[in-house]
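> Heads up: the protein sequence lines correspond to chains A and B, in order. Start counting the first sequence at 1; every next residue gets the next number (this note's numbering). Start counting the second sequence at 1; every next residue gets the next number (this note's numbering).
No lab work stands behind these hints: they were computed from the structure. From the three backbone atoms N, C-alpha and C, an ideal C-beta is built for every residue, glycine too. Treat the hints loosely; a few may be bogus.
[To be verified] Incomplete in silico selection of chain A near chain B, CB under 8 Å:
(1) L93
(2) P106
(3) F238
(4) P249
(5) S341
(6) L370
[Claimed, not checked] Derived lysine to any residue pairs resembling SDA-like cross-links, with alpha carbons at most 20 Å apart:
(7) B:K54 to A:W120
(8) A:K368 to B:T129
(9) A:K114 to B:Y499
(10) B:K362 to A:K114
(11) B:K124 to A:R115
(12) B:K498 to A:E296
(13) A:K114 to B:G118
(14) B:K121 to A:Y367
(15) A:K114 to B:R501
(16) B:K498 to A:N384
(17) B:K121 to A:W120
(18) B:K121 to A:S385
(19) B:K502 to A:N384
(20) B:K54 to B:T39
(21) B:K361 to A:H159
(22) A:K368 to A:E296
(23) B:K498 to A:H159
(24) B:K361 to A:L158
(25) A:K114 to B:E510
(26) A:K114 to B:K361
(27) A:K114 to B:K502
(28) B:K54 to A:L158
(29) B:K502 to A:W120
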Amino acid sequence: MILHDFMSYELLRVIWWGLLGVLLIGFALTDGFDMGVGALLPFVAKTDVERRVAINTVGPVWEGNQVWFILGGGAIFAAWPPLYAVSFSGFYLAMFVILAAFIVRPVAFKYRSKRDDPRWRNTWDWALFGSGAIPALLFGVAVGNVIQGVPFHFTDDLHTIYEGAWYMKFIGLLDPFSLLAGVVSFAMLVMHGGAWLTLKAEGVVQARARAIGSIAALVAVGAYVLAGLWMAVGIEGFRIVGDYLTNGPSNPLHFEVERTSSWLSAYADRPWIVVAPVLGILGGLLTFLGLRAGREVSTLLFSKMAILGVISSVGLTMFPFIMPSSSDPQSSLTVWNSSSSHLTLFIMLVVTAIFMPLILMYTAWVYKVLWGKVTEADVSENSNSVY
Amino acid sequence: MEFGIVELSRLQFAMTALYHFLFVPLTLGLSVLVAIMETVYVMTNRPIWRQMTKFWGMLFGINFVLGVATGITMEFQFGMNWSYYSHYVGDIFGAPLAIEGLMAFFLEATFVGLFFFGWDKLSKVAHLTVAWLVAIGSNFSALWILIANGWMQNPVGAEFNPMTMRMEMTDFFEVLFNEVAQAKFVHTVSAGYVTASVFVIGVSAWYLLKGRHSDLARRSITVGAAFGLASALSVVLLGDESGYSASHNQKMKLAAMEGMWETHDAPAPFNLIGFPDQEARETKYAISIPWVMGLIGTRSLTTEMPGINDLVADAEDRIRSGLIAYDALLHVREQRDAADPATLATFEAHSADLGFAFLLKKYVDNPLDATEEQIKAAANDTVPQVWPLFWAFRLMVGLGFGFIGTMLYFFYRASFKGMNFPRPALHLAVWMIPAPWLAAELGWFVAEFGRQPWTVDGVLPTAMSVSALSMTEVALTLAGFVLFYTVLFIIEMGLMLKYIRKGPYQDVEETEAWNARHHNRLAGRKNADAIAMPAE
């Protein structure tokens, strides 16, 4: 195979860094409203019929949405194997909690309305709440930790070793900055869930979703700005020093890394990236206004814009770092040292270029077929076939 | 056996994989059976076929969701528990997993929602298309997973890169068209089809025994038996193909399954029954059939099949060769681009055996410090535990032939005896429901336990593949998974039984109105009542 030589290794790495972002954003945009609706469920819907309306707004699409999560795992494995190896074993117990949530959630959707017993249904409703709220928070906490660096280093054989006791790998994740990042992601996804329910539901469910969603939008923007200020004054950044290759072998030990006073120096080097946080803040504020005004389609688009801005701002600010190491900066994972081989990146790009447009097309078609509001009448009339 | 982090991680993987595989075979097969039933519905317009589609589709849904849920664990636990494995082979192994998501799982998961929610929103043909897309998605999913798994059994199209300290892909098409993967794929999906057929026949038989839904049940048995017969034949045929490919790729696994300690003159006999003794290195009280093993394994009468003892001697040679590679690797890694060409050449010459040197890491930190005894012990480690493999394999094969017999019988009764099934046969069909699951789990066990002590055959030992986790962490998650999965299993079984007991929703008025409307056309020339079941 020689075709892959027509694209430089460096370019492929940057493209795959971008695709990593696309996957995370795709996940947050689609599965994000599932999690948001889950977190909102007990508060926007009180009666069984109301709850079924809320659940059935995501009922036909959660399976497809969840694939973004699974594909995210697979794509990180294929394109960034060291990142896959270091992050999932490093955040071991947190990952277990997230997996547990993602296992319970499908079952809760599918099984909740299969028995009439109110206790059965109520239990599953709280399962939906937990499996939406907990990952929404933990994803942000994980990002907060990555921004500050994670305590790990590599041996000469590239085994990953984590510093500290096992319980610190879980409890230690919950430092104040990371919790703030958790608040950002939690509030953002609740906002997104609120925007979704505004579009898909009506009546009292919609009214409550708008009220809670608009508060969440303000909290998300506030916490995001606060986290930005904190990063300006209190969080050290990283940078690669000395000579290095951007198309060399993927081996972190071939690089020299040192700490800098702040990540935000990136905005001096690449001023254009300021577009991302501006989109994030603006999107959040517009979502707030949209929810207040009761606009349906545009609010969901604003909410998507906010998510796009917030997630891409993290990636753009840290570039080329993906997962820095706080205890041994030299072991930090960057775009230049933790990708797959040149050939694998190329093949995966070809496959993605073929299938990603197809996925977007048929997903759009499915959403189009399902377009329209879920009403209480829908749920009562099709009581046996819907969730 | 010492019980450490490696054993605990293996236990967790085995538990989660076996559990996931309780749901996968039924998903694979039932998705296709449901799509076939809906095809008949669209072609004939008879309401009963839509009722069948909806009924089996609902049971499919209850099962599918746990397959999805437990599959999530599979996608992430390589990184969580097997981080060195993920680093070492992710460049090759990750690709089919990601492609599975892109090409198969997205398709299946996006359309499965529409399958259940789209009955009123789509035209008949559009809904049928959706049903087939779900079935195709599920089956493509299996293809990519087995390409990944096939590579662990027979790592082709890749080589070790000393600069990145990992295996890297050299030829994607070799990975894709790996003969082991292809045989495994057809073997596994066929097993799924058999599972679904046995399930459909068993549940339908129960309705017939209870005298309920007999028109729906008889038709279901007919579809199940035809589909199941073809699949049961395919399972055994492709199982044989797997054995044949193992005879040149995984000689040790095959010898262990067979309990064959000494190399036998060609053609080797097949031990029908025996008691393998790992210590004494012999299979006691063996009843053998001459020639059969040679024929299955090599498809010739003259090719010799090596026994375990000779393979251990080979492994010892490869460990020594691997040590030369390891020594050269340390220099190459140190010098990077400046490495001297002679050392590089030495490394290249021996790098295929590098994995064998890693077998010594279990005993010493630096393999170069290993003593003669340790080398011998490591060579002995290449023999998997024989008796579980020996028996699991025989039980699986026995069940496989049992399915062929059962399917043949039901197919015969359905085709030539007017869908009339004697009660003892129906009782047998109900009792047989768990059998394909047992066979499928045994098959997984033979394939993966037989691969030990390697995660990737000849490349990376299992002991080296694990993450640097504490026992406490893994014990916690293992306990969590066991608890969690047990609860889910009980809930799933409860719902499955509830909905089977409740039975299909049959709109009698609609069926009768349709029958009355089409009576003349169906009665045909002989003026016989074509609607009535012949057996009634």
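> Which of the listed hints are not met by the structure?
3, 7, 10, 11, 12, 17, 23, 25, 26 and 28
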